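S.K.: Chain by chain, the residues run as shown.
There are 2 protein chains.
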Amino acid sequence: MADYYKVNYKDVPTEDVSGTEGGVSIRWLLHKDIGVPHFEMRLFEFPVGAKMFPHRHSWEHEIFTLEGEGRITVGDEPVDVKAGDAMFIEPQALHGYENTGSSVWKFICVIPKRD
Amino acid sequence: MADYYKVNYKDVPTEDVSGTEGGVSIRWLLHKDIGVPHFEMRLFEFPVGAKMFPHRHSWEHEIFTLEGEGRITVGDEPVDVKAGDAMFIEPQALHGYENTGSSVWKFICVIPKRD
Numbered sequence: 045m046a047d048y049y050k051v052n053y054k055d056v057p058t059e060d061v062s063g064t065e066g067g068v069s070i071r072w073l074l075h076k077d078i079g080v081p082h083f084e085m086r087l088f089e090f091p092v093g094a095k096m097f098p099h100r101h102s103w104e105h106e107i108f109t110l111e112g113e114g115r116i117t118v119g120d121e122p123v124d125v126k127a128g129d130a131m132f133i134e135p136q137a138l139h140g141y142e143n144t145g146s147s148v149w150k151f152i153c154v155i156p157k158r159d
Numbered sequence: 045m046a047d048y049y050k051v052n053y054k055d056v057p058t059e060d061v062s063g064t065e066g067g068v069s070i071r072w073l074l075h076k077d078i079g080v081p082h083f084e085m086r087l088f089e090f091p092v093g094a095k096m097f098p099h100r101h102s103w104e105h106e107i108f109t110l111e112g113e114g115r116i117t118v119g120d121e122p123v124d125v126k127a128g129d130a131m132f133i134e135p136q137a138l139h140g141y142e143n144t145g146s147s148v149w150k151f152i153c154v155i156p157k158r159d
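In order, the protein sequence lines correspond to chains A and B.
Each residue of the first sequence is one higher than the one before, counting from 45 in our numbering.
Each residue of the second sequence is one higher than the one before, counting from 45 in our numbering.
Keep in mind that a hint or two might mislead.
Note that the list lumps identical chains together, so a pair holds whenever it fits in one copy or between two copies.
With a cut-off of at most 25 Å between alpha-carbon atoms, the simulated SDA-like pairs for lysine to any residue come out as follows [said to hold, decoys possible]: (1) K126 to V148; (2) K126 to K150; (3) K54 to V80; (4) K95 to I78; (5) K126 to V56; (6) K76 to S146; (7) K157 to V92; (8) K54 to E121; (9) K54 to G67; (10) K95 to D47; (11) K126 to D47; (12) K157 to S147; (13) K54 to H101; (14) K76 to G66; (15) K54 to P98; (16) K76 to E121; (17) K157 to P122; (18) K54 to C153; (19) K157 to G66.
Derived by calculation from the structure, the hints in this document are not laboratory data.
From a predicted model like this one, the values you see are computed outputs, not experimental measurements.
Turn these sequences into a full structure, and let the hints guide you.
M.R.: Take a look at the structure:
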């Protein structure tokens with residue numbers, strides 16, 4: 045591959061996300077198939093009221109909210125986030141998401157590269 | 045540490061960046077000192093006309109432009125980016141940055157965790 049790869053998020057197809065309701069979508073912006081060595085960057089969009097049910101996994105999240113407002117529940121603690129908030133969620137932490145605002149909630153979420 | 049860490053970027057102190065001119069700043073949003081296991085998230089701000097001179101290093105970048113416009117030169121190829129663009133820069137690629145727009149250029153840049 046070249047020394048770089050560039051894409052506008054709007055040019056990346058959306059995919060549905062399991063374990064959600066209300067039309068949550070994901071776009072894989074920078075991912076293993078373009079040759080990233082260590083971590084992958086995705087963009088999530090939650091329409092008003094949409095949610096992702098609590099779940100856990102062995103990898104961490106690093107999240108940055110671009111637009112809108114949401115609630116990320118970690119264990120039994122609700123954490124409200126808005127544009128400009130960065131959040132780290134530990135591996136194995138139980139976590140769920142809900143758009144609690146009045147517009148789309150859009151955030152970047154970085155994870156370790158999948159095997 | 046807790047199962048999560050949250051911070052608004054505006055609450056993170058800015059630091060100057062070497063190898064730049066025009067008042068470039070960095071904020072370390074999610075970093076090794078809060079216990080991230082694999083990668084660190086920073087936010088850069090380039091005032092109008094500010095630049096970072098070309099350099100290379102052994103780690104990759106994953107960049108997402110939040111606001112404004114800039115030019116990222118990889119090797120001798122200029123790549124223009126704007127809000128919503130994601131970009132991957134390979135390890136060891138020569139790269140430099142310049143705000144080519146008329147407002148602040150603000151972007152997220154994720155790197156592997158420093159030793």
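S.K.: Now, for every hint given, state plainly whether the structure supports it.
M.R.: Hint check:
1. Taking the shortest alpha-carbon separations for K126 and V148, both the intra-copy value of 11 Å and the inter-copy value of 21 Å come in at or below 25 Å.
2. Both within a single protomer and between protomers do K126 and K150 lie at most 25 Å apart by alpha-carbon distance, with minima of 10 Å and 17 Å respectively.
3. Taking identical chains as interchangeable, the C-alpha atoms of K54 and V80 lie at most 25 Å apart only when both belong to the same chain, with a minimum of 20 Å there against 29 Å between chains.
4. In this homomeric assembly, K95 and I78 never come within 25 Å of each other (Cα to Cα): the closest approach is 29 Å inside a single copy and 27 Å across copies.
5. Taking the shortest alpha-carbon separations for K126 and V56, both the intra-copy value of 24 Å and the inter-copy value of 15 Å come in at or below 25 Å.
6. In this assembly of identical chains, K76 and S146 lie within 25 Å of each other by CA distance neither inside one copy nor across copies; the values are 34 Å within and 34 Å between.
7. Taking the shortest alpha-carbon separations for K157 and V92, neither the intra-copy value of 29 Å nor the inter-copy value of 34 Å comes in at or below 25 Å.
8. Proximity of K54 and E121 under a CA criterion of 25 Å is satisfied inter-copy only: 23 Å between copies versus 33 Å inside one chain copy.
9. In the homo-oligomer, the alpha carbons of K54 and G67 lie at most 25 Å apart inside one protomer (17 Å), although the nearest pairing across protomers, at 31 Å, exceeds that limit.
10. Within a single copy, K95 and D47 get their C-alpha atoms only as close as 37 Å, which misses the 25 Å cut-off; across copies the closest is 20 Å, which meets it.
11. With identical chains, the CA atoms of K126 and D47 are at most 25 Å apart between copies only, with a shortest distance of 19 Å across copies and 34 Å within one.
12. In this assembly of identical chains, the alpha carbons of K157 and S147 never lie at most 25 Å apart, being 30 Å within a copy and 34 Å across copies at closest.
13. Taking the closest pair of Cα atoms, K54 and H101 never come within 25 Å of each other, the shortest separation being 28 Å inside a single copy and 30 Å across copies.
14. In this assembly of identical chains, the alpha carbons of K76 and G66 never lie at most 25 Å apart, being 28 Å within a copy and 35 Å across copies at closest.
15. In this assembly of identical chains, K54 and P98 lie within 25 Å of each other by CA distance neither inside one copy nor across copies; the values are 28 Å within and 29 Å between.
16. Taking identical chains as interchangeable, the C-alpha atoms of K76 and E121 lie at most 25 Å apart only when they sit on different chains, with a minimum of 23 Å there against 33 Å within one chain.
17. In this assembly of identical chains, the alpha carbons of K157 and P122 never lie at most 25 Å apart, being 27 Å within a copy and 28 Å across copies at closest.
18. With identical chains, the CA atoms of K54 and C153 are at most 25 Å apart both within one copy (16 Å) and between copies (19 Å).
19. For the homomeric pair K157 and G66, neither the shortest alpha-carbon distance inside one copy (27 Å) nor that between copies (35 Å) is at most 25 Å.
Going through the hint list in order, the structure does not satisfy hints 4, 6, 7, 12, 13, 14, 15, 17 and 19.
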